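Take these sequences, add in the hints, and give me the full structure.
Spelled out, the chains give:
2 protein chains.
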Amino acid sequence: MPHYNLALLGFGNVGRALARLLLRKQTELKNRYGLTFAVTGIATGRRGTAIDPNGLDLERALQIVESNGNLSAIPNSQFPIPNLDFIRHASAHILFENTPVAYDDGEPAITHIRTALENGMHAVTANKGPIVHAYHELTALAARHGVHFYHESTVMDGAPIFSLFRGALPAAQLKSFRGILNSTTNLILGRMENGASFDEAVQYAQEIGIAETDPSGDVDGWDAAIKVSALATVLMDVPLKPGQVDRTGIGGLTSGDIAQAQAAGKRWKLTCSATRTDSGVTARVAPELIGPESPLFGVSGTSSIVQFETDVLGQLSVVEDNPGPHTTAYGLLADFVNAVRI
Amino acid sequence: MPHYNLALLGFGNVGRALARLLLRKQTELKNRYGLTFAVTGIATGRRGTAIDPNGLDLERALQIVESNGNLSAIPNSQFPIPNLDFIRHASAHILFENTPVAYDDGEPAITHIRTALENGMHAVTANKGPIVHAYHELTALAARHGVHFYHESTVMDGAPIFSLFRGALPAAQLKSFRGILNSTTNLILGRMENGASFDEAVQYAQEIGIAETDPSGDVDGWDAAIKVSALATVLMDVPLKPGQVDRTGIGGLTSGDIAQAQAAGKRWKLTCSATRTDSGVTARVAPELIGPESPLFGVSGTSSIVQFETDVLGQLSVVEDNPGPHTTAYGLLADFVNAVRI
Chain A
1 MPHYNLALLG FGNVGRALAR LLLRKQTELK NRYGLTFAVT GIATGRRGTA IDPNGLDLER
61 ALQIVESNGN LSAIPNSQFP IPNLDFIRHA SAHILFENTP VAYDDGEPAI THIRTALENG
121 MHAVTANKGP IVHAYHELTA LAARHGVHFY HESTVMDGAP IFSLFRGALP AAQLKSFRGI
181 LNSTTNLILG RMENGASFDE AVQYAQEIGI AETDPSGDVD GWDAAIKVSA LATVLMDVPL
241 KPGQVDRTGI GGLTSGDIAQ AQAAGKRWKL TCSATRTDSG VTARVAPELI GPESPLFGVS
301 GTSSIVQFET DVLGQLSVVE DNPGPHTTAY GLLADFVNAV RI
Chain B
1001 MPHYNLALLG FGNVGRALAR LLLRKQTELK NRYGLTFAVT GIATGRRGTA IDPNGLDLER
1061 ALQIVESNGN LSAIPNSQFP IPNLDFIRHA SAHILFENTP VAYDDGEPAI THIRTALENG
1121 MHAVTANKGP IVHAYHELTA LAARHGVHFY HESTVMDGAP IFSLFRGALP AAQLKSFRGI
1181 LNSTTNLILG RMENGASFDE AVQYAQEIGI AETDPSGDVD GWDAAIKVSA LATVLMDVPL
1241 KPGQVDRTGI GGLTSGDIAQ AQAAGKRWKL TCSATRTDSG VTARVAPELI GPESPLFGVS
1301 GTSSIVQFET DVLGQLSVVE DNPGPHTTAY GLLADFVNAV RI
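Chains A and B, in that order, are what the protein sequence lines are.
Per my numbering, the first sequence runs over residues 1 to 342.
Per my numbering, the second sequence runs over residues 1001 to 1342.
Simulated from the structure, these hints should not be mistaken for lab results.
Since this is a predicted model, take the numbers as computed values, not measurements.
Treat the hints with care, since some could be wrong.
Stated by the list, open to error - In silico DSS-like pairs for lysine-lysine, Cα to Cα no more than 25 angstroms straight-line:
| id | chain 1 | residue 1 | chain 2 | residue 2 |
| --- | --- | --- | --- | --- |
| 1 | A | Lys-175 | A | Lys-241 |
| 2 | A | Lys-175 | B | Lys-1266 |
| 3 | A | Lys-30 | B | Lys-1266 |
| 4 | A | Lys-266 | B | Lys-1266 |
| 5 | B | Lys-1241 | B | Lys-1175 |
Dropping the structure here:
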């Protein structure tokens, strides 16, 4: 029975949700896929590092970190070591890269993933930076080392998008896509429909932990542009940088605009789209008036949707409702299983 | 480079759409998947049978059948032979079973597929009968012979549903699903919203080739119940017969009901649902009033939708627009590629 050692680099909300999901699915993975695993390394930002080639006690690690302790309390744990040493010495077959995103250059996540792949490990991430800045390099590197670089949770959390095209849609050519991919702006626009001002809506999104302290990455359409870039880069095989996306945020929409749309039975949505052209891809993020006939109309709150036009099907849409760290964690688990199963 | 011989049993709209798609995708399959193929057998209902272990001229076969000729015009073709002899003697690695559906017992498709599997061939079908009546037997038989029995196109045409759970959603437990799976009734209800009477709407659906001469299979909810059974049987691993589905058709809906719903900003839809219980599955097909907040509201015409509740994601929905024989053919092609690729 194949046995895999896992290293978790990053142990925040997503990393810990992955740990809990691994514990919950341990028996099912064994029974359904003949897959067993041990977590041999956990590296946190501020709560220490633990490595044990025989497998760490994952429940204990969760307890320690969630009660603000330090992983040095775990037997055999190590003093803090640089992340690259952690990757090399965690005795792992799979690296889960869950460090914070850096949108400008994708580092240090790219270097983490590169190191894992060069050492013959599969690499799995929910981090969009490496996709936008180094997808082709990392995918080629993985192929050279006979391992996989998977990233399902980078767009629409754990909803299957990349694996859909990789597995379920062979020989399909993606011609264009369109969707709502940024949940923060979708939530803000929904709150404004319910009477909140723009500032109140942003504040609410911050209070529930969806928006950042500086909300401009969402409000100005950058997060959406990054997701469009990731989808185009991977699914259309055309490297597209976020700066190449024709981008308009929702900052220009007033409460009057929202009310006017509602009076006409419509809604403003921040839509994303990309279309393959003879020379590459044109992509756009902009507020758009949507009527009730469109599947985009009913996509509210933090839900998201993407509609794909291919050369083999009519339009195929995927909608995800109620995402959260647990669904991102599921995408990481699915990547793990799909990287190692035959 | 792996080379596969294909046998097409059934050469109607779907079988011919598959033939055209195979021709169109031949180069792409070779370049992207290292896959080459030859069609070594075609059996039609009334236009003869052709077998050639060296590969038939597929374009010529299409021309002959579409100009009402007989495949006996093809060199090396055979006199009509029984289907089971065709399966055994077509020198094929994959059988595409595209004979007409028999809802009551799934035959003769089940026997065709069983024969293929017993002879070490993969079997691919768009025929719901074998799923509802013999899914577990055929799947076990395929496993014993080291081949696959795939059936993506039995529900929602070529939209990836079964392959989604098989590949992209490992270790996901399906708790319930809900959707609009019968396009004929969805089209009829849409026409009635536009002012047609029930009879006029049925007649329109018949004229465009969507509804049968006897529309009761659709109107009474049988087709929807069969699809619910197929999804529950495969995705929940609980054999569910169409007769076990609590079923109400759309025949009781009057133009007044439709107008009343529209006045309230709502729509009648024939919805399907199934929920896992401690003892199995409860399933239902019935008309339901849907408001614009629901993703089901905008699913019009021949489009369809299914919403999945799993233990690992929030709600995940798949929507298919503009289906047709070409999309059913794509599901068959995808099954072929997924059956043989590693």
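* Asked: Regarding the pair Lys-30(A) and Lys-1266(B), is the alpha-carbon distance no greater than 25 angstroms?
  -> 47 angstroms, violated
* Pair hint outcome, Lys-175(A) versus Lys-241(A) [Cα-Cα no greater than 25 angstroms] -> 18 angstroms, holds
* To do: Measure nothing beyond the straight line between the CA atoms of Lys-1241(B) and Lys-1175(B); if it is 25 angstroms or shorter, mark the hint as holding.
  => Between Lys-1241(B) and Lys-1175(B) the Cα gap is close to 18 angstroms, so the pair holds against 25 angstroms.
* 25 angstroms limit on alpha-carbon distance, applied to hinted pair Lys-175(A) and Lys-1266(B) -> 33 angstroms, violated
* Pair hint Lys-266(A) and Lys-1266(B), alpha-carbon separation not exceeding 25 angstroms -> Satisfied, since the Cα-Cα distance of roughly 15 angstroms is no more than 25 angstroms.
Consistency note: the structure conflicts with the earlier hints numbered 2 and 3.
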